[in-house]
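There are 2 protein chains.
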Amino acid sequence: MNQYFIVFSALGSVLALLFAVFMAKRALSVSEGTDRMKKIASFIRDGANAYLRRQYTVVIVFFSIMFIVLCIMAALGFLTWFVPFAFVSGGFFSGLSGFVGMKIATGSNARTANACRTGLNAGLRVAFSAGTVMGFTVVGLGLLDISLWYILLRFVFHLEMEAISSAMLTFGMGASSMALFARVGGGIFTKAADVGADLVGKVEAGIPEDDPRNPAAIADNVGDNVGDVAGMGADLYESYVGSLISACSLGVIAFNLIDAVDRTYAFAVPLLLAAIGVIASLIGSFLVRTGESTDQMTLLKALRRGTNTSAIIIAIAAFPLVWFMLGSSYIGLYVAILAGLISGVLIGRFTEYYTSDTYRPTKHLAASSETGTATLVIDGISLGMQSTVMPVIIVGACILISFYVSGLGAPEAAKNSIGLYGIALAAVGMLSTLGITLATDAYGPVADNAGGIAQMAGLDPIVRERTDALDSLGNTTAATGKGFAIGSAALTALALIANYVEKIEVIDPSLALDMSIMNPVVLVGVFIGACLPFVFAAITMGAIGRAAHSVVLEVRRQFREIKGIMDGTTDADYARCVDLCTRSSLKEMVLPTVIAIVVPVATGLLLGPNGVVGMLCGATVSGFLLAVFMSNSGGSWDNAKKYIEVGHCGGKGSDNDKAAIVGDTIGDPFKDTSGPSINILIKLLSMVSIVFAALVVNCHLFG
Amino acid sequence: MNQYFIVFSALGSVLALLFAVFMAKRALSVSEGTDRMKKIASFIRDGANAYLRRQYTVVIVFFSIMFIVLCIMAALGFLTWFVPFAFVSGGFFSGLSGFVGMKIATGSNARTANACRTGLNAGLRVAFSAGTVMGFTVVGLGLLDISLWYILLRFVFHLEMEAISSAMLTFGMGASSMALFARVGGGIFTKAADVGADLVGKVEAGIPEDDPRNPAAIADNVGDNVGDVAGMGADLYESYVGSLISACSLGVIAFNLIDAVDRTYAFAVPLLLAAIGVIASLIGSFLVRTGESTDQMTLLKALRRGTNTSAIIIAIAAFPLVWFMLGSSYIGLYVAILAGLISGVLIGRFTEYYTSDTYRPTKHLAASSETGTATLVIDGISLGMQSTVMPVIIVGACILISFYVSGLGAPEAAKNSIGLYGIALAAVGMLSTLGITLATDAYGPVADNAGGIAQMAGLDPIVRERTDALDSLGNTTAATGKGFAIGSAALTALALIANYVEKIEVIDPSLALDMSIMNPVVLVGVFIGACLPFVFAAITMGAIGRAAHSVVLEVRRQFREIKGIMDGTTDADYARCVDLCTRSSLKEMVLPTVIAIVVPVATGLLLGPNGVVGMLCGATVSGFLLAVFMSNSGGSWDNAKKYIEVGHCGGKGSDNDKAAIVGDTIGDPFKDTSGPSINILIKLLSMVSIVFAALVVNCHLFG
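Top line first, the protein sequences correspond to chains D and F.
The numbering of the first sequence is the numbering used here, which starts it at 1 and goes up by one.
The numbering of the second sequence is the numbering used here, which starts it at 1 and goes up by one.
In short, the hints are calculated from the structure, not lab data.
Warning: the hint list may mix true and false statements.
Where chains are identical, the list cannot tell them apart; a pair therefore holds if satisfied intra-copy or between any two copies.
[Claimed, not checked] Lysine to aspartate or glutamate pairs mimicking DMTMM-like chemistry, simulated, CA-CA at most 25 Å apart:
id, residue 1, residue 2
1, Lys563, Asp573
2, Lys25, Asp211
3, Lys503, Asp514
4, Lys587, Glu370
5, Lys202, Glu370
6, Lys563, Glu370
7, Lys202, Asp655
8, Lys658, Glu370
9, Lys25, Glu209
10, Lys503, Asp460
11, Lys642, Asp657
12, Lys202, Asp657
13, Lys587, Glu160
If you're wondering where the values come from, they're calculated on a predicted model, not measured in any experiment.
So here's chain D without its partners, still in its complex pose (with noise of 0.2 Å):
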């Protein structure tokens, strides 16, 4: 009887997999245009698919490596058996994800381009389309992943509970493993592509964005789909499945100590209010359409028709959910979710304030153009730095409410765990509408391609003006997506934190840990995690900066040698651009995941457990500042130099607007390359230690 939530949570992955199916006919329906226009979509396809089958070449060599790795800690009695199968598994949806994603986004951007034409609404409805496919594949994929575990391990294999849920924590490794090379090197690849371009193409050939002349610029839209699309989708496929299989355990944790819930549905939960969330999320993706009109607000208000009411749904369905399920006692449960649904939108909305031009810091970001670069840099810097306060101040009233309330009605000896579990239940209430949510934020990179071909191809300006304000809505609803990703990732960390707190009293029940801050084996732990995600912003950058300088110099040599590319009579050897940001990246997306992976061991090898928790903690706590103040300086240059072309502060071509395509291009490895990126470190770090935590246990030095 009380397994019959597995069934419900299968249901809900077919649904959003068969929704996801009818989404991309029905994008795929539409033509892709003229001969030109498809000529342009099979060289961005043909250079996207080149990039990932080379991609999987490489993260297939790691994986291997880290199979034989897992199987040799297995064998030495440190794992079960499960756990480097389930590593792989999840790797393998992680990337499945991100393929699924850029295969539909490679195949409707020229068709958004020709929807176009026609219309802006019919445009939207190619883009979104295949933003929903995005978005309902991770969701499914997710959910059915999970679900696949489950059946194999309870009913195959007759595991109890707690085995369960410590197993399938290990698959979450796999996913986040998968995610960050293909964030990271998506991310390098996206933005040597866009920061070549820009400076050699708009800054010092002065020719316009997405001009076929320029050399990079077909790297450029390879990039949007390798780095936006493909890398996202790994991205949040990593979010979603860490949030739900923290919060499962944890359930699991807590509810072993209270004898009136039967704990099978402190597991369910997560996974029920998941299935909802598909349901939620189909319904409201319906409600996206729009009219003619290339107004901002009204499209935005179409979009957010959709996401508002599966928000509604959620926040509803998931009283009865707790109350049934867990009893009234810990209807606090409930508060939990919704604080976490309401952060999330709040965080979004912090993050639109300060990155978006139709409000007072983007607005004063361009106007500090008008004394040159350096004031835009440090002002924009500055704007970053204080966006992070807000942030700070919902997540912590978040972690404070949905611990305290959900303890409320708990046991004296209960209250602990059920508050970490309130903790892991409003990060799944974060993402719970993630179909929707990153279907609205997946189309942006679409119409953004669509932009490029429609520009390259020499179609009527009118249709580039649409997909314009398409894209242009594209990066109000990225800045929300990112207000989700990042809010849920602290709070997924802590809920991994603390189910790696709880593996090491099961290991060693006798181990007196002492986390107390002021030990200084957890105060230098803190130091160490904290300087984590810094190193890993440098390491990223500086791998940006390495790869696009690489591309200036090809491209400044195309513009030099090959004749009658700058007349149009020769076509750029976009080939070669596009094979120079694929070596770079692959090149460089190596040292991140490698760091990701050792420094953890090695900080439990030195300081032990105690340590462990500490850098931990540190690197959320950074790995959060910094994440939140690199995606908004970034999204504020690139709106203030949007908001300078449109004609404020001198428009475009003034000096101003050359200060402020500099400020972009610095703001593009900080928003889509380092910033995203961070955010799966820190859920990363926490895997690994809790896979490492057996040896960790027995081998330690300090501490």
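With chain D's structure known, arrange chain F on it following the hints.
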């Protein structure tokens, strides 16, 4: 018998002050040179005096309000009546340190320029004498303040050791508040002037640095004095005193548990170490002299001979000190002192590695200017973030070593408190040679100003070459100085947090402190604390942005409206720029200090003592990282520009140089305002928490 130490400490103080007077006489005995030089020097002196006068007016208002607040707290029984007076005295001496430093600096800049007309060694002699005055004044006043209070509390009011050390901790709060005003206010002034002068003068009008035609030239030179000199003096006074009193206090607490050792001796060790440091610095400062070669390595060796000798003397003398005062069981504390001394040097060396143009990172950064400003900025930020790794490892190792080795010989129950005393002694060890390290640091701005005067007075280019050689070396020693400042700030902050915890336990021994990092209240505290340095950096950079903006507009206006500036027939309106910078910086310096005082109290009232400890640790860790990152990015941009301008990567006037100037301008607030003020912030937060501890223990919402 056991009270004789205070005589030595007072004698050390008098010796330092006498030596400062002697060196001041030596520096001021040289002629100020030509009439033009005298006139320019008096312009700078008047501007600096006017600024300080107005700054102190604002500061007095702040101190009066705080004095009243503290008196009310004392009347309510939350504080002893010594606190308000201790607070004011700390502020007074800190301000006095800055004032004396600035007086001597503005008195010896023209003299240094004039001496450089004779030769390099003569110039070094005057500039270094001025720096020495500053170094020994800070050390002398610091020891004087502590000695006077000890004599007052011990021999007049007959207080117990605990009560003495507890009361003395609170005058650190006055010193830190004053230091923050001086650093932030002076920092905004100097950078606004610098950015303004550079952007319009060098970039737009194409005239050299320090050109007399630039209306902001005098303001720029005034800024060097009020920011880099007066700010640094107040700052290092605060660091020095903070490290001493926190160590004294932890010593009393630690040896309270041990019958075999008189705890007065534990109080005495830091002060005696400081007194020995005065003698060591004095000996070292006599060894600083050079020949006539402008070669950097020769000059550097001249300075290093002084600092290294002093460090070796301390390293030797500290052994008998610990042995005879505390006994052979606690000789581990000597290792802690040594660890601190070595860590300071190591952090300084890595700072140098990342910022000096003799090493790969800055050379690489200079090369990245070839692809424009954007890549230079991205790479500079990347470099700074990456440079946090080694300091984190060094400080982490220093914490672990000093904690564990110090506790080795201690009884089990006292291991922890002896370990914390060890960490505090490491900070004292790091700062024990402050007399000479500050001298080598503070002579830089004097040489910088001398160069400005040489340029504006139209002296022989050989003079400028000599001052440039001295100034350039100043950048390297400043890097070392920053290493000490940042490293000691982190260790002192930790010692202060330990004092806070102790204070809480004394106020209410029944309070069950749960400082586990998994306690949500602690965790939320860490989030809030970690956010503070970001906010702080944001506010100071924003302030510089605003102030610089107004300077840029004013300089542009003068170039446009005042005829004859460019051909040198009319003097620019220098006073107007000085006044503008003064007004901006005074307006902007209040908010940061208010935040630093209000947030710890508010956090305490909301989250209780556990939350405060979390907040303090969060601020210390994130502040340390941000300070290292910002100092090193800024330092490297500065030197990359210099590297280009001496003829590499395109040389002076090239596009690369223009990009590098923008980078340098961005780095200015990073390295000279935001970075250093974060060091003060993290200590001030702890001091405020200690002063308001009784209030917080008695009323708080959570935790």
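Alpha-carbon proximity context of Lys503 and Asp514, limit 25 Å:
both (15 Å within a copy, 21 Å between copies)
Within, between, both or neither: how does the pair Lys563, Glu370 come out at a Cα-Cα threshold of 25 Å?
between (37 Å within a copy, 24 Å between copies)
Alpha-carbon proximity context of Lys25 and Asp211, limit 25 Å
neither (31 Å within a copy, 69 Å between copies)
Using 25 Å as the alpha-carbon threshold, which applies to Lys587 and Glu370: within, between, both, or neither?
Between copies only: 23 Å across chains, 39 Å inside a chain, cut-off 25 Å.
Could you place Lys658 and Glu370 in one of the four classes (within, between, both, neither) given a Cα distance threshold of 25 Å?
Result: close both inside a copy and across copies, 10 Å intra and 17 Å inter.
Homo-oligomer pair classification [Glu370, Lys202; C-alpha up to 25 Å]
both (19 Å within a copy, 17 Å between copies)
Could you figure out if Lys202 and Asp655 sit no more than 25 Å apart (CA to CA) within one copy, between two copies, both or neither?
Classified as both: same-chain Cα gap 13 Å, cross-chain 17 Å, threshold 25 Å.
Is it within, between, both or neither when you check Lys25 against Glu209 at 25 Å Cα-Cα?
neither (31 Å within a copy, 65 Å between copies)
Intra- versus inter-copy proximity for Asp657 and Lys202 (alpha-carbon distance at most 25 Å)
both (11 Å within a copy, 21 Å between copies)
Have a look at Lys503 and Asp460 and pick one of within, between, both or neither, based on CA distance no larger than 25 Å.
Intra 61 Å, inter 74 Å, cutoff 25 Å: neither.
For Lys642 vs Asp657, is the C-alpha pair at or below 25 Å within one copy, between two copies, both, or neither?
Within one copy only: 9 Å inside a chain, 28 Å across chains, cut-off 25 Å.
Homo-oligomer pair classification [Asp573, Lys563; C-alpha up to 25 Å]:
Within one copy, since 12 Å is at most 25 Å while 54 Å is not.
Taken one by one, the earlier hints fail for this structure at numbers 2, 9, 10, 13, listed in ascending order.
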